[in-house]
Structure formats: structure tokens, C-alpha cells
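So the numbering used here is basically just the index in the sequence shown, starting at one, shifted up by 3.
The hints are simulated quantities; they were obtained by calculation from the structure and are not laboratory data.
All C-beta atoms, glycine included, are put in the ideal place defined by N, C-alpha and C.
Any given hint could turn out to be false.
[Said to hold, decoys possible] DSBU-like cross-link-like pairs, simulated, lysine-lysine; straight-line CA separation at most 35 Å:
| no. | residue 1 | residue 2 |
| --- | --- | --- |
| 1 | K149 | K130 |
| 2 | K149 | K275 |
| 3 | K130 | K275 |
[Said to hold, decoys possible] For each label pair, taking beta carbons as the anchor points, the in silico distance ranges come out as:
| no. | residue 1 | residue 2 | range |
| --- | --- | --- | --- |
| 4 | N355 | D252 | 21 to 31 Å |
| 5 | R317 | T296 | 53 to 63 Å |
| 6 | H120 | Y41 | 44 to 54 Å |
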Amino acid sequence: MHKLRFLGLLLISIDASGHGNFSPPADPVLAASVMAGYTASNVESDTLWRIPGVQMGGETFGPEQGFQLHEATLGLDYANDDNVLGSAEISSHGHGGSNDLQLEQAFAGWFLESGEHALRLEAGKMKALFAPQNARHASAESFSQKPLVYDAFLGGHFTDTGARIRWQWRHDETRQLDAGIEVWRGDAFPATSGEDARNLDAYLRYRIHGRVWDVLFGGWYLHSQARNRSDDRLTSGHDHGGVTSVSDDVVFNGQTGTGGLHGEFDYALGPKSRITVSAEYWSVSSEGEVRDTTRLIALDGDYAGYALQGAISRGAHALALRYDQLILDNYVQGNGAELLAADAGLVSAESNPDRYTVSHNWTLAQGLSLRTELIRDRTTARLNTYGSLFLVWRQNFALY
Numbered sequence: 004m005h006k007l008r009f010l011g012l013l014l015i016s017i018d019a020s021g022h023g024n025f026s027p028p029a030d031p032v033l034a035a036s037v038m039a040g041y042t043a044s045n046v047e048s049d050t051l052w053r054i055p056g057v058q059m060g061g062e063t064f065g066p067e068q069g070f071q072l073h074e075a076t077l078g079l080d081y082a083n084d085d086n087v088l089g090s091a092e093i094s095s096h097g098h099g100g101s102n103d104l105q106l107e108q109a110f111a112g113w114f115l116e117s118g119e120h121a122l123r124l125e126a127g128k129m130k131a132l133f134a135p136q137n138a139r140h141a142s143a144e145s146f147s148q149k150p151l152v153y154d155a156f157l158g159g160h161f162t163d164t165g166a167r168i169r170w171q172w173r174h175d176e177t178r179q180l181d182a183g184i185e186v187w188r189g190d191a192f193p194a195t196s197g198e199d200a201r202n203l204d205a206y207l208r209y210r211i212h213g214r215v216w217d218v219l220f221g222g223w224y225l226h227s228q229a230r231n232r233s234d235d236r237l238t239s240g241h242d243h244g245g246v247t248s249v250s251d252d253v254v255f256n257g258q259t260g261t262g263g264l265h266g267e268f269d270y271a272l273g274p275k276s277r278i279t280v281s282a283e284y285w286s287v288s289s290e291g292e293v294r295d296t297t298r299l300i301a302l303d304g305d306y307a308g309y310a311l312q313g314a315i316s317r318g319a320h321a322l323a324l325r326y327d328q329l330i331l332d333n334y335v336q337g338n339g340a341e342l343l344a345a346d347a348g349l350v351s352a353e354s355n356p357d358r359y360t361v362s363h364n365w366t367l368a369q370g371l372s373l374r375t376e377l378i379r380d381r382t383t384a385r386l387n388t389y390g391s392l393f394l395v396w397r398q399n400f401a402l403y
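With the hints as extra help, turn the sequences into a complete structure.
See the structure below:
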């Protein structure tokens, strides 16, 4: 039975929105971003990044040494006078020297507004909105990497094909309630493609606006069903030197329940200064079986994670701090359980995986900034300390 544990934690972030705009744009908008730079890391670049104690997958990769195109995106949002809307986005995220373009989003929808209430229906390939940072690109954030909970439990980020319904109640100009249900095909981690695959989520959030402050808090739940799920990073086409730490013969069958709470607070200290705070806590229950070609064991995984983040900005400069940690407990049964658990990457390290990040963003000109980061990473058995320097460009273009 899925067990959800919720705590209130405080997290600070420069961008406290990023949950997907509710009202469609009045005019077509083209949005572009590029994030490129250099990472000086002592992480072995020819080994697939794995966090001991949890089965991973999706599009999550650790830091890579050298120059890289970390992100390049181009997106278009459009709505006509009948409130019919459409959105499409292509992107490239450099992993292992690969900068292949991919279709990240392409969906259509309809928007209806009546008094205090608004409704939005959408279908297609979309980035899920349930987790607060899932739909955000690194160029719009304070940090180049998402919190560890996204890497460990969502495969980096969650994009799938499906449909969603979003409802908003605007009590007045200072208070609004947003709710949504998303039903997915099941291609995205932690589910799998094919028969019996399933991803289904629901979320609720409430925002209060003040004269110089803004508060947002909410919760969500994701149910996923997987059949013969392996670490699909082994076959995704990304080059990591052919060296991996988990055999692609090891697969998981079962269901995963993931729930989270988050809260965010933003306060303007002055015309050009602000401080923002927010918190995320995730609880995950994974039940099923793990097997390879000759062995089978029962798995009951009980996981949790949180991120604590802090930022203050003044003028062209913003300094941000983040700490995130995972708590990973696995209970396995069956013949040779310890050996297969080790092969599946389910043996936790002696200490909980965690990471400290310090980031400085310097706005050089409109839409252009320089980001410097220092990271202390203890997500594997080896402590890694590394730094990054990125040039970040973001720009929106109104087509009319």
C-alpha cells in the first residue's frame, strides 16, 4: 500500500512561477533560449550516472567534463479569437557530446472563461505541470541542474503524450486556486511504453498576492504502472563510453506512487532587490518485482527527498544556494535477493545522497547573463566537487 509522508520545508528560488501560464497569449509568442559553457569536473565521463539505492531512467545524466551546449530551445505559443490554442517546442540538451534536436512539446487546446472561473483543455505531447519545476528549463532557473528528486524519481523531467484539464478560480485580484488532472499514455519514466503502461496525476495549488509579496503552496500525486522497465538510458542513443553500472537485463514490474508538497514565497526588498523562498518534499512508494534472466525478487521501496534553496537578488546580480537530499530504503525478498539488488542498483550508500550548490547569476544585458556555479556532490560513493561557467540567453519575440 502506498505510503505518503508530507512535511513543510522552506526553499528559496529566483523564479517562483513557472507552473505553466493559464491564460493563452494575446498574440503569438516565439521563445528562444541558449545555454552553453564549461564544466570542470572530476566525475568519470564514461560511466553512466547512478545514485545508489534507486532505479533510475529517463533523461537524467550527471555532470560532464568540458565544453557543452547545455540547452537550446525554440517554442511557439498561439491562440486565436475563439480561444483555440496551440503550442510547440523543439529542444536540444547536450549529453555525451550529442546535441540531437527533439520535439519536446506539441499540443492543442481550448480556453473558456466565465466570471471568476476559467477552464483549459489540452491534448498532445506535453511537459507535466504537477511538479513545480518540471516544466522549467535550466536557463529560466537559478541552477543548471534540477533538484535530486527530479533526477531520481522522474528521470530528470516528465514529458509524455496525453490530455489534461485545468481549472482556475480567481476569487479576486489577490487570490487564485488552480487544479488539474493529467492522463498520460505511459511512455515517461517511472512508467514504460507498451501494454499496461500508465501515468496519471492530479495537482492543486493556491496563490495569494500582496503588494510586495507573493505566496504559493500546493500538493500533487502521480500514479505510475511499469512493465519490464529497464534503465532506458542504456538504449536511448546517448554516448557514455559504453560503460554502465547496471545490466539492461534487469527489469522492474510494478507500480509507483509519488506525492509531493511545495511552498514558495517571494518578497520585494526594494525596486531592484528581492528575496524568494520555496520548499519541495517528495514521498515515493514503489512496489513490485525485479528480475533478470534467471532471478526474481520482490521489492518494496520507500523513498523520500527534499530540496532547500535560497536566493537574493539586487540589480544585475543574484546569489542562490541550494541543498537537496534523498532518503532511500529498499526491502527485498527472494532467493539471491542481495545479489540481484546489487545488480539492480538498489543497495544504498552508507550516507544519504545529497548535494550543495552555490550559484551566481550576473545579468550582462537584456536577456543575457553569466552563470557561475560551485557544486559539492555526494550522490555516489565518491565525493565530487566541481564548477561550471555558463553563458545564458533567453528572449521572447511577439510575432504581431
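Hints violated by the structure (numbers, ascending) = The structure breaks none of the hints.
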